[in-house]
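Enquirer: Read off the chains here:
Number of protein chains: 2
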Amino acid sequence: MGIDIGGTNVKFAWIDSRGRMIHKATMRTQAEAGPEDAFGRIAKTVRRVMGKDAPAGVGIGCAGLIDREERRLVVSPNLPAWSGARIGRISERALGVYTILENDANAAAYGEFSVGAGRGAKTFVVVTLGTGVGGSIIHEGTIFRGARNYAGEIGHVTINERGPLCKCGNRGCLEAYLGADALVKVAKHRVKSTRSVLGRLAAEHGSLTPRLIGQAARRGDRIARSVLEDAADHLGTALANVVNLINPDRIAIAGGVAPAIGLVLPRVRAVVVERAFTKSALCAKIERGRLGSGAAALGAAWIARQGAVSPRRGRRSD
Amino acid sequence: MGIDIGGTNVKFAWIDSRGRMIHKATMRTQAEAGPEDAFGRIAKTVRRVMGKDAPAGVGIGCAGLIDREERRLVVSPNLPAWSGARIGRISERALGVYTILENDANAAAYGEFSVGAGRGAKTFVVVTLGTGVGGSIIHEGTIFRGARNYAGEIGHVTINERGPLCKCGNRGCLEAYLGADALVKVAKHRVKSTRSVLGRLAAEHGSLTPRLIGQAARRGDRIARSVLEDAADHLGTALANVVNLINPDRIAIAGGVAPAIGLVLPRVRAVVVERAFTKSALCAKIERGRLGSGAAALGAAWIARQGAVSPRRGRRSD
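Chains as they are written, first to last, in the working numbering: chain A, 1 to 318; chain B, 1 to 318.
Derived from the structure by calculation, the hints contain no laboratory data. Do not rely on the hints blindly, as some may be mistaken.
Since the list gives no way to pick one copy over another, a pair counts as held whenever it fits inside one copy or between any two copies.
Stated by the list, open to error - In the EDC-like style, the derived pairs of lysine to aspartate or glutamate whose C-alpha atoms are separated by at most 16 Å in a straight line are:
1. 167 <-> 274
2. 279 <-> 67
3. 185 <-> 274
4. 122 <-> 16
These numbers were taken from a predicted model, which means no experiment stands behind them.
With the sequences and hints as input, model every part of the structure.
Expert: Take a look at the structure:
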């Protein structure tokens with residue numbers, strides 16, 4: 001069983017011993033009430049679905065910085081009331097089963113690797129485009145963590161050392177160009193009137209979002225298209241860095257902004273071929289993630305399954 | 001036994017079963033005569049040193065693109081007459097011992113990892129500063145190769161998407177700022193007269209080199225210092241990318257230009273802390289390589305030793 005805990009919703013995924021999805025569910029996080037409260041309600045949901053059966057193992061994907069050894073959420077911008085909580089232990093007490101705690105980006109990547117866009121890849125990279133830009137690397141079936149589990153921060157690869165300031169304090173990070181706020185800011189700057197499709201959508205909705213930019217681009221709006229084309233150039237540059245450094249054979253673009261960026265994916269691919277070493281670039285297949293917003297819950301279930309099959313591995317801190 | 005084959009010299013390193021260096025040697029490559037000729041002379045050198053004893057295993061580090069499975073040098077700018085040669089097989093015939101073929105940057109990194117600056121590191125990155133800028137990643141004792149053995153090209157990480165053109169065809173690569181030619185070009189541009197130490201050295205030697213820039217900086221020359229400080233900023237940006245993506249606990253700066261860059265290493269470290277995530281940056285110890293120009297031969301010997309201890313591993317293509 002896998003659980004994806006976000007700031008707004010908790011998502012559940014049940015898989016069978018062969019990894020096939022057998023059930024899913026969603027509930028409100030009500031994060032401000034704290035983790036003990038949430039796990040009380042999580043336990044109820046699990047009982048409602050499973051009856052008296054206990055899950056064979058539980059994996060949790062959680063937004064924020066994770067201490068895997070202590071199975072603790074060190075800090076999370078989306079779950080401030082949960083900071084410092086030993087989620088692994090709380091879950092175990094509520095559900096009666098050993099629980100593996102993982103970062104949500106890693107969980108989503110593991111989901112895509114197990115049953116989505118990363119199936120069969122040797123070196124798989126996921127870029128998650130949302131409010132922030134995240135990432136994860138899976139090499140030979142194992143999440144690549146580096147020395148202390150901080151690897152994979154693709155959103156904070158500098159593509160222009162004199163570029164715009166990023167929330168992380170650095171200049172010219174990919175996220176400073178491709179985070180949802182940055183995209184919307186560029187679009188607002190270019191929309192001068194309501195004569196364009198994008199201008200009309202902005203007026204109708206009171207503001208702009210990456211989804212509306214994608215909608216306008218799909219309807220042929222030139223401004224929206226130009227915003228996404230510039231985004232493709234930046235993303236292509238960052239992915240060329242990833243390609244030259246890590247040499248992946250598969251890259252998946254996931255997250256809420258992925259549908260909009262999907263419209264300019266051929267351009268992203270062209271920039272990677274133009275910038276990275278040809279042999280390396282041609283080896284890296286770039287496509288959309290396939291699991292949508294359910295990737296992290298499903299991936300967490302797969303991580304639990306992996307842990308159940310070889311418990312040492314699942315419990316190791318590296 | 002390890003052999004490092006470069007465009008000018010062939011270097012040898014003999015180690016005992018515990019990995020201690022017991023002997024080293026050097027001979028001219030005379031690359032234009034081709035690999036068969038060179039291995040004739042290599043065999044003579046080996047016989048002169050070892051008498052009738054055969055080495056327990058041979059590792060070769062070779063500049064250029066390597067097909068490890070076929071143990072072939074696919075292409076090499078410094079050994080044009082060797083392109084396509086099955087070095088592994090040629091060496092075996094000449095020396096009578098199974099030979100592992102490896103890229104020279106990987107061999108040097110493995111040397112630093114085994115007995116130099118990377119000892120005990122979990123995720124170790126080497127940046128080689130020379131005519132070109134190369135690199136290698138060693139994670140948990142194994143060279144990280146990515147999907148097709150092209151990983152580790154740190155010299156071709158873009159740090160400015162609109163930066164100067166690089167030899168690889170991309171814009172704003174680290175190498176376009178920190179390759180020996182690029183450094184010399186910047187220095188020449190800034191040296192307006194022979195009144196500065198650097199200007200005097202340039203006039204004396206007829207031209208400039210990174211070594212002379214380092215010499216002048218050591219004597220307090222402000223122009224040389226400014227060239228190296230700018231280089232430190234660019235290198236720091238590229239290493240911040242490596243830190244955020246790979247989370248190494250050790251980074252070594254090696255190669256012929258490393259002594260000059262060593263003068264501004266505190267600045268490189270400061271830029272990494274400023275740009276990368278703090279936790280990740282503080283985890284990455286950045287220092288000079290310790291083995292100098294003998295790293296690749298020694299590393300190749302260690303790779304051979306590793307192959308002899310667990311031959312499957314040494315012979316595997318991944």
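Enquirer: Work down the list of hints and note, for each, if the structure agrees.
Expert: Checked hints:
no.	hint	in the structure
1	167 <-> 274	between (29 Å within a copy, 13 Å between copies)
2	279 <-> 67	between (37 Å within a copy, 13 Å between copies)
3	185 <-> 274	neither (28 Å within a copy, 25 Å between copies)
4	122 <-> 16	neither (25 Å within a copy, 35 Å between copies)
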